[in-house]
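*Asks:* What follows is each chain in one-letter form.
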Amino acid sequence: MIEVCHLHKQFGALTALRDVSFQAPDGAITGLLGANGAGKSTTLRTICGVLKPGGGEVRVDGVSPAADPLALQRRVGGLLDHTGLYSRLTPREILAFSGRLHGIPWERLSRRVEEVLAFLGMQSVADRRTGGFSQGERMKTALGRALIHAPKNLLLDEPTSGLDVPSVRSLRLLLQRMRDAGACILFSSHVLEEVRALCDRVVILAQGRVVAEGTPGELCRRAGVATLEDAFVSFTDAAEVASC
Amino acid sequence: MLNQSLIVAGKEILDGWRDRRSLLSSALYSLMGPGVVALVSMASRDLGRPGDGQKVLIAMMSVFTMVSAFVGGMNVAMDSVAGERERRSLLPLLMHPVTRLDLLLGKWLAVAVFSLAGLMLNMLGFALLFQRVPPPALALCLVPLGLLAAALEIWVSTVCRGVKEAHTYLSMLVFLPMGLGMFMVFSPGAGQGWWKFLPVAGQQLQLEAGMRGGEVDLPRILFLGFATAILAAMALLGAADRLERDDVVYGG
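The listed protein sequences correspond, in order, to chains P and G. Okay, so the first sequence: first residue is 1 according to this note's numbering, each after it adds one. Okay, so the second sequence: first residue is 1 according to this note's numbering, each after it adds one.
Mixed in with the good hints, there may be bad ones.
[Said to hold, decoys possible] Computed Cβ-Cβ distance ranges for the label pairs, DEER-style: (1) Ala118/P with Leu6/G: 26 to 34 Å; (2) His190/P with Phe183/G: 52 to 60 Å; (3) Leu173/P with Leu124/G: 54 to 62 Å; (4) Ser25/G with Trp106/P: 32 to 40 Å; (5) Gly189/G with Trp106/P: 52 to 60 Å; (6) Gly162/G with Ala67/P: 33 to 41 Å; (7) Ala71/P with Phe175/G: 44 to 52 Å; (8) Phe119/P with Met32/G: 48 to 56 Å; (9) Trp106/P with Leu24/G: 28 to 36 Å; (10) Lys164/G with Gly214/P: 41 to 49 Å; (11) Ser110/P with Met42/G: 49 to 57 Å; (12) Gly217/P with Glu244/G: 40 to 48 Å; (13) Arg161/G with Gly54/P: 19 to 27 Å.
[Said to hold, decoys possible] Just some of the chain G residues that point at chain P, by a computed CB distance under 7 Å: (14) Ile7; (15) Lys11; (16) Asp15; (17) Arg18; (18) Arg87; (19) Arg88; (20) Ser89; (21) Leu91; (22) Pro92; (23) Leu94; (24) Met95; (25) His96; (26) Pro97; (27) Val98; (28) Asp246; (29) Val249.
Quick caveat, the hints were computed from the structure, so don't treat them as lab data. Even for Gly, the Cβ is constructed at its ideal location relative to N, Cα and C.
Isolated chain P, as found in the complex (with noise of 0.2 Å):
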């Protein structure tokens, strides 16, 4: 579970994020839904501790990264902005190298590996270079290497920009089984029709605040419309207004 209790963050004289506040529970898949520059990133980067608050605090099944980075690290599985893979390595040895980091045993290490490229499907290229991947396979890589050490939490920005539709059906299945597995899934994205297809509850940012919370029925019930785009649009709106 990921609480994030009045966060704040600073970059020089830009503020990222003001006071921003939610829960994401076991079990469902939040969606962190913005326009670009929202602060969608920057959340996501300040709860898996690669960022420092400027203020509030996050925790993570507890854990505060102020207390703890590394233990909380150890409970969060990310794919962040990019996937970021080494080209001259397989995902055979992406895993592993990512598996020792976080410390699994070398006993259990090779099994975990085959256990997470089974997942993915991805037997047939575990042993080729990551040079000469397509899109969809560097994405698999990326999140096999997120799901290397089972984290109960897991963090996904904009994972399936760049993707085809067969890469992203097949995203939204995996995160679907993990998420029925009781995991805590955190997404972002500014694309609304995949939000609504996956997520279970939804948090709306808009200029670093949190301006609406709850599940996709309920936000379009309170913005008095039909579609979560016009219940997106009417939040960010009112937020931008208020700003003004």
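Starting from the structure of chain P, add chain G where the hints point.
*Replies:* Just chain G now, with coordinates in the frame of chain P:
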């Protein structure tokens, strides 16, 4: 802690080993010294000035040896930090339960392995072509030199946002031993007094003396090793401090 650094170092060494083009270019740069000195040696023999010529040739050998410590690990340093930022693999790496100092130490160890390999290749070249091998005691100041070269390269690479920028600045860094070395070869005043205790310059003078078959000044070698290690530690701490900054997680 050390275990995490060794895991990172192992990955960087494997990655660097597979980058055959960069490996070949580093090996060629390391062997450039023996090649150039061999050509100059043939030319000076033709000109019939063996006495003075040999003194300059030995001084040139030591300059090229200093340079080889810097070129050996240059490509790995460039790829392992600036390259990591450029291809955006630094962000996923920082999501692992590893402190940034451990990450940096791992990368430094890997660069140091390539720097020392460059140094050894260079000396092997001189040994084969000129049958001149420095006394084993000089390892006490040459190994710290490799560690310093790796630390400085890691620091420069940490400051840069991409491979191209890192290549520009690291190429300038290689001019440090080259420029300093050439200055000492051709300037009669240099190489005296405090120069002997200056990291890089001191190592070059000591190596030059060793290649000529002169006395090995062990206290000076130990002092140089210590001073060089301190400088390397400072460069690494500077790099670690840079890696703690927020903007490092954003790509090139």
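*Asks:* In ascending order, which of the hints set out earlier in this document are inconsistent with the structure?
*Replies:* Hint check: nothing fails, all pass.
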